[in-house]
Amino acid sequence: MTRARNRLDLEPDTVERDLVKLVLTVVELLRQLMERQALRRFDDGGLTEEQEERIGLTLMLLDERMTELRERYGLRPEDLNLDLGPLGPLLPRD
Amino acid sequence: MTGLRYVYAVCRPFGTPLQAQLTGVAGDPPRLLAHHGLVAVVSHVPERDFAEEPLRSRLEDLDWLTATARAHQGVIDALTVVTTPLPLRLATVFRDDSGVRTMLQAREADFRRTLDRLEGRVEWGVKLYADAPPADTGAPAAKAATGRDYLRQRRAGVRAHEEQWQRAEEFANRLHETLSAVAEDSRLHPPQNATLSGAAGRNVLNAAYLVPRSRSEEFVELVDRTKDETTDFRVELTGPWAAYSFAGEKP
Amino acid sequence: MGRLFLCGGETLTVVERREVALVDLLDRLLAGGVVITGDITLRIADVDLVRIDLNALISSVNENVPAPWGE
Chain V
1 MTRARNRLDL EPDTVERDLV KLVLTVVELL RQLMERQALR RFDDGGLTEE QEERIGLTLM
61 LLDERMTELR ERYGLRPEDL NLDLGPLGPL LPRD
Chain S
1 MTGLRYVYAV CRPFGTPLQA QLTGVAGDPP RLLAHHGLVA VVSHVPERDF AEEPLRSRLE
61 DLDWLTATAR AHQGVIDALT VVTTPLPLRL ATVFRDDSGV RTMLQAREAD FRRTLDRLEG
121 RVEWGVKLYA DAPPADTGAP AAKAATGRDY LRQRRAGVRA HEEQWQRAEE FANRLHETLS
181 AVAEDSRLHP PQNATLSGAA GRNVLNAAYL VPRSRSEEFV ELVDRTKDET TDFRVELTGP
241 WAAYSFAGEK P
Chain C
1 MGRLFLCGGE TLTVVERREV ALVDLLDRLL AGGVVITGDI TLRIADVDLV RIDLNALISS
61 VNENVPAPWG E
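Protein chains in written order, with the numbering used here: chain V, 1 to 94; chain S, 1 to 251; chain C, 1 to 71.
Because the hints were derived from the structure by calculation, they are not lab data.
We put the CB at the ideal spot given by N, CA and C, even for glycine.
One should not assume that every hint holds.
What the hints assert, rightly or not - Derived Cβ-Cβ restraints for the label pairs, each shown as a range:
id	chain 1	residue 1	chain 2	residue 2	range
1	S	G120	V	T14	37 to 43 Å
2	V	Q37	S	A160	33 to 39 Å
3	V	D43	C	G38	26 to 32 Å
4	S	T23	V	D79	37 to 43 Å
5	V	G45	S	A142	22 to 28 Å
6	V	L69	S	R225	43 to 49 Å
7	V	R36	S	K143	19 to 25 Å
8	V	R54	S	E170	56 to 62 Å
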């Protein structure tokens, strides 16, 4: 598997895309954390029906919005990640 | 000849000549440097590329690194056919022959011990991949009608994912146990980075097994049988390698 | 798999081989094998591996290869 040297590409499109990628990665991190929290409380039964509905809708809309933004910039779900070197990836790979 | 000394491996003297047309790092076919019953396998390499400063930048150039790694591995492969080499880490470079001999002298006892331990053995690499579950953390198949529906969907998705992961772990553990029974020793390495390897699915097991040559065929057949047993997981076998993962002291 | 020739009078076996993946090669060459210190020109651990093509060596900057910042 050979790979051409990657030179830092300073085209405006790439800069914008890279920034969007970074921002969306952070948002995705927050979304996953919120979702985990929500599902835990959903499982525990510690939420009212109204709360469940509201949290569920929020997460759903957030998910949809993320998908829109991703697709607009041609980013796949697996592109939204950061490699922290020895610490491994920021987000789980699956 | 001037130049620095690039050392691939240390081994016991062997009779069979190395395969001809072995290019070696920096295009220098490997030579044998003997000292007190040990042999260092060496190439002469130019200072301009292998002195500390240039070497540091070369190692950061993936194309150079790739070419060097492949040349290096070519030599180790050729050695593995005729003897049991103790491989050194990439880019172990000495000033001159005297430096190499000094090193051999200093580490003589260690090398003998390790060479005895590894004599007649090779390393096989086994990796296990689990494909991503069909309904994963992406957008749900049928759009949820209500917020609560969405939470239910997500919960089902997370559970399916966890079950799949658990099955993968169980399979990996069973595989590891089965192979460890035939191998003399094993090392569990961290999972490989998918972006780098380009492999599909998630790397669940990344293990190295130390196997006597006489049992290699048996080991390979065992791995092959495992491949046939499952469609959910992908088993990849690499080797035979020199005992890279077992060259150091056992942790 | 590689051409495996078991030498020394044992059974000859030929196993099919794909070209060895670079990642498997680098994993072993950079993180395996014996580490020699002393009169050598450079230790791999002294090289700032993060500057190498990022994707290429992230898998090698792990607990097996001490990163420069960790030492």
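Hints, one by one, checked against the model:
1. S/G120 - V/T14: 37 to 43 Å: Given about 54 Å between the Cβ atoms, the range is violated.
2. V/Q37 - S/A160: 33 to 39 Å: Cβ of V/Q37 to Cβ of S/A160: about 20 Å, so the range 33 to 39 Å is violated.
3. V/D43 - C/G38: 26 to 32 Å: 58 Å Cβ-Cβ, so the 26 to 32 Å window is violated.
4. S/T23 - V/D79: 37 to 43 Å: holds, 39 Å
5. V/G45 - S/A142: 22 to 28 Å: Holds - the Cβ-Cβ distance for V/G45 and S/A142, about 25 Å, lies within 22 to 28 Å.
6. V/L69 - S/R225: 43 to 49 Å: Between V/L69 and S/R225, where Cβ atoms are some 47 Å apart, the hint holds.
7. V/R36 - S/K143: 19 to 25 Å: holds, 22 Å
8. V/R54 - S/E170: 56 to 62 Å: violated, 38 Å
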